[in-house]
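My request is simple: use the sequences and hints to build the entire structure.
Protein chains: 2
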Amino acid sequence: MEGAALTRRGLLVGIGAVGGAGAMYAAMGALGLAPSQQDKEFVAPAPGDFSLRGKGAATVVILGAGVAGLTAAYELGKAGYDCTLLEARNKAGGRNLTLRGGDRLPQLNGPSQEVKFGEGVYFNAGPGRIAPWMVTLDYCRELGIPIETFVNNNAAAYVHTSGQTVRARTARADIYGYVAELLAKATNVGALDKTITKDDQERLLDFLRRFGDLGPKLDYEGSPRRGFMKYPALDTGTPIAPPGTLHQILAAGTGRAITNDFGYDQATPMFQPVGGMDAIVAKLTEAVGEDRIRTGTKVTKITTMADGVEVAWDGGTIKADYCVAALPPHLLAKIPHNLGAQVTTALKTPIPVAAGKIGLEYGRRWWELEDRIYGGVTETDLDITHIWYPSYGYHSERGLLVGYYNSERNAELYGALTPEDRRRRALTQGKKIHGDKYRQHLLSSVSIAWDRQEHIQGGWVRWPDFDSSFTFLQRPAGRVYFAGDWLTHLIAWQAGAMESARGAVTQLHQRVLQSP
Amino acid sequence: MEGAALTRRGLLVGIGAVGGAGAMYAAMGALGLAPSQQDKEFVAPAPGDFSLRGKGAATVVILGAGVAGLTAAYELGKAGYDCTLLEARNKAGGRNLTLRGGDRLPQLNGPSQEVKFGEGVYFNAGPGRIAPWMVTLDYCRELGIPIETFVNNNAAAYVHTSGQTVRARTARADIYGYVAELLAKATNVGALDKTITKDDQERLLDFLRRFGDLGPKLDYEGSPRRGFMKYPALDTGTPIAPPGTLHQILAAGTGRAITNDFGYDQATPMFQPVGGMDAIVAKLTEAVGEDRIRTGTKVTKITTMADGVEVAWDGGTIKADYCVAALPPHLLAKIPHNLGAQVTTALKTPIPVAAGKIGLEYGRRWWELEDRIYGGVTETDLDITHIWYPSYGYHSERGLLVGYYNSERNAELYGALTPEDRRRRALTQGKKIHGDKYRQHLLSSVSIAWDRQEHIQGGWVRWPDFDSSFTFLQRPAGRVYFAGDWLTHLIAWQAGAMESARGAVTQLHQRVLQSP
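In order, the protein sequence lines correspond to chains C and Z.
Under the UniProt record's numbering, the first sequence has 40 at position 40, and the numbering climbs by one with no breaks.
Under the UniProt record's numbering, the second sequence has 228 at position 228, and the numbering climbs by one with no breaks.
To be clear, the hints were calculated from the coordinates, so they are not data collected in a lab.
Among the hints, erroneous ones may be present.
Copies of the same chain look alike in the list, so a pair counts if it works inside one copy or between any two.
When the alpha-carbon atoms are kept at most 25 angstroms apart in a straight line, the in silico DMTMM-like pairs for lysine to aspartate or glutamate are as follows [stated by the list, open to error]: (1) Lys230 to Asp467; (2) Lys230 to Asp265; (3) Lys283 to Glu397; (4) Lys185 to Glu202; (5) Lys194 to Asp219; (6) Lys185 to Asp200; (7) Lys437 to Asp138; (8) Lys185 to Asp199; (9) Lys217 to Asp200; (10) Lys217 to Asp465.
Structure follows, in structure tokens:
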């Protein structure tokens, strides 16, 4: 393909008028120009940026139409490549799976589940939230997917540990209060005299008073921050029972729950596409072209050659200039190939991790009406780990809780059960927090065990160490490039899949531009 | 009015079939039954609850069509009262004021401002957020007003204190880290041996490690929680500059900012009506009946009598069985009345507090695109106090920041300036945090000084003490009842106005039911 195939007008539109990095990139790809530094960045272009679809300099076969595969196809398509995606499952998206009424969820060696949710109710069975710094939000912007807040931290949600249930705001106020008191008193008896100056001790005390809401004698005696039985209005309100002793608060072990959103990936606020996470799949699919995705196509062999790659499946083969393998590593490792023993060893290094979720649909949003919990997460030390309250459809008739979202051993435990037993167990656990209403008003449920999803077989992977196998697979084997969240430090996040895809296609594109 | 006027079917629908507290209340009002305990609660009925509008046992004149006045009229209307609202301003809503393109904002002794915002941009010049426990949300539910999250805490927003700007997540990680280190080390040198057991010390250390993200030697050495220059993806990311010393962190004085959302009224998550806070005014007005609100009607005299109340304005009078006075106390105090000297004294007790806001409309949402701030608040020790980023319209073309939201002295300072000078000053301050882009892309602005709004003249009031004047005014003076956020412990919140209105009309209704 030649640059001459581009009209003068096309070039003007692409480079002059719009001028985004994506446009420059695409134009250079089409024209065979040498790559610049800017190419490496894949700056997300604004909507309306120029695209060179169909003018590609090479053909690419992409294995897996999950988020990594779709992103690779999307970005390559913008740069003019001719892509074909092979997807073993019967639809694109991979773990980005949103279930709605009328859907059917099969599982390996077990019964299928019919999804019976009412109109407007959905269940993000895979990824459910996006941190604002993640590239996932750029794709939402670029693809025109409306977003809304995902409430990841709710002071009104509960913390359930050691058999006790308290509001998150109460647990936080109490442990902060006592920590502040202990440090303030240690300061006042001179324990820090050798460490910090008197002036800094004053500043520290000023902070601790605010932080713990301490009384004038630096005692923690409870605080309005803990919440109320009846909130202040005409009178000053009715307080909840006073805090336990320091010993009781420490023994309750609420620390993990309290600090759950401290990490850079979980910090408030987070976001979700309006109407379900699979809006990302739908829009990427639309942009890539649905006709480029061959579903129900399970790859059986990968052969890299001097002049291209050949990929076979039951009943066919495809030849392309390059391949992007965006399958889970543990499944990719089982496909016969000629990429070398080191590739197989490397692919076998990351360990699949079980993860599971249950969606519980209720006919009444009792968590809003009675508990005044609007979105957010209750943290527990039960095997359900978390309960998520919906961050959408506030005040509507029905609503869907995530009754467990767990991983590793807890997910294996639930995954081994029948869907009915999973629900029963989830309800038994949730009832410890919410009482009988957790069973009442339940309309339907669906549960997923990601290790029992065909062609995925795991929630995500864990690298024992981000060792040489990890960096080895970030480079191509022959004409085959690897992509997936598993090749990043953002494992289990869509942003990982997207960043990995960008990395792979950047390398691929540079190679194409540099080849004679 | 007689119970006989109700049909049997009406009773069945109202009490039997629906059976909510609102229905019971209304039916009892119509039938003249004695009140029960349940009456006092005004449980918000579900949409579709029975209503006795037009069957009222008494006429009520309500002074002020702010949120308190509207709520009083709405609840009285549901119970069958015949209400008339007198509003001095040219529209209902009071401080619940949302400004949009085409609006005009006058001010006392100063120029009017034309609002030039583009389509879809709005500015909540008064209340902007709702805590989930507040009755305001019940009214949103009952009136069918869709709500969405108001992001009140954003780890990506900034803290600007002592001339330094850091991300909230960084400020928090650093102060938590050092506090944890100090207490952990004090514990380890035995400073707490007399206070808590060894077992509890272990539990405390376990918490402190999580809380501060401490290293193995209990040192705080920074943390990924602080954020990154470049977030982890293909590699482990590029960290930001390491934390300052403990002295530097304490001297920065970020404590107020860090603890800003610890209170029960500010805790995450908070909410807002979709499309602007004045949806509450619009829906209440619609429910009350716009024809019941007489705008441009400034009350000049209030006379309570044995058989009713007479209220006069320039050009007219109205007589009713009862009156609910829902005006600001400092304005009410100036209206001639025969309610007694103690009422005047009490009304003069609360002190009006200045409050101001500026809405800055930009043609580019640079805070999302460049700073990755999606909603939330930057806390400062500047005279602007806060910068609010919009929690709606994410990724759209235009957007509106609240460039200051301040009160007391800072609000008086800005309020005394011309609108141009307020903007200039707000931009100068905001630039200290956001740099030149804070001036670029600015399209228009509108600022409000609530102490310069006619017939309101204050952001809210402050009681020197919630003393006998406060409780005195919670009871009627003759046939006049008082209502407003200023008569609650939820001052400056719409929930206060609503709760006060409920309290007043509950008393009024009980009196009506008990009168012969």
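Against the structure, the hints come out as follows:
no.: 1; hint: Lys230 to Asp467; result: between (55 angstroms within a copy, 21 angstroms between copies)
no.: 2; hint: Lys230 to Asp265; result: between (35 angstroms within a copy, 13 angstroms between copies)
no.: 3; hint: Lys283 to Glu397; result: between (29 angstroms within a copy, 20 angstroms between copies)
no.: 4; hint: Lys185 to Glu202; result: both (12 angstroms within a copy, 19 angstroms between copies)
no.: 5; hint: Lys194 to Asp219; result: both (24 angstroms within a copy, 16 angstroms between copies)
no.: 6; hint: Lys185 to Asp200; result: both (15 angstroms within a copy, 17 angstroms between copies)
no.: 7; hint: Lys437 to Asp138; result: between (40 angstroms within a copy, 20 angstroms between copies)
no.: 8; hint: Lys185 to Asp199; result: both (16 angstroms within a copy, 20 angstroms between copies)
no.: 9; hint: Lys217 to Asp200; result: both (19 angstroms within a copy, 23 angstroms between copies)
no.: 10; hint: Lys217 to Asp465; result: between (49 angstroms within a copy, 23 angstroms between copies)
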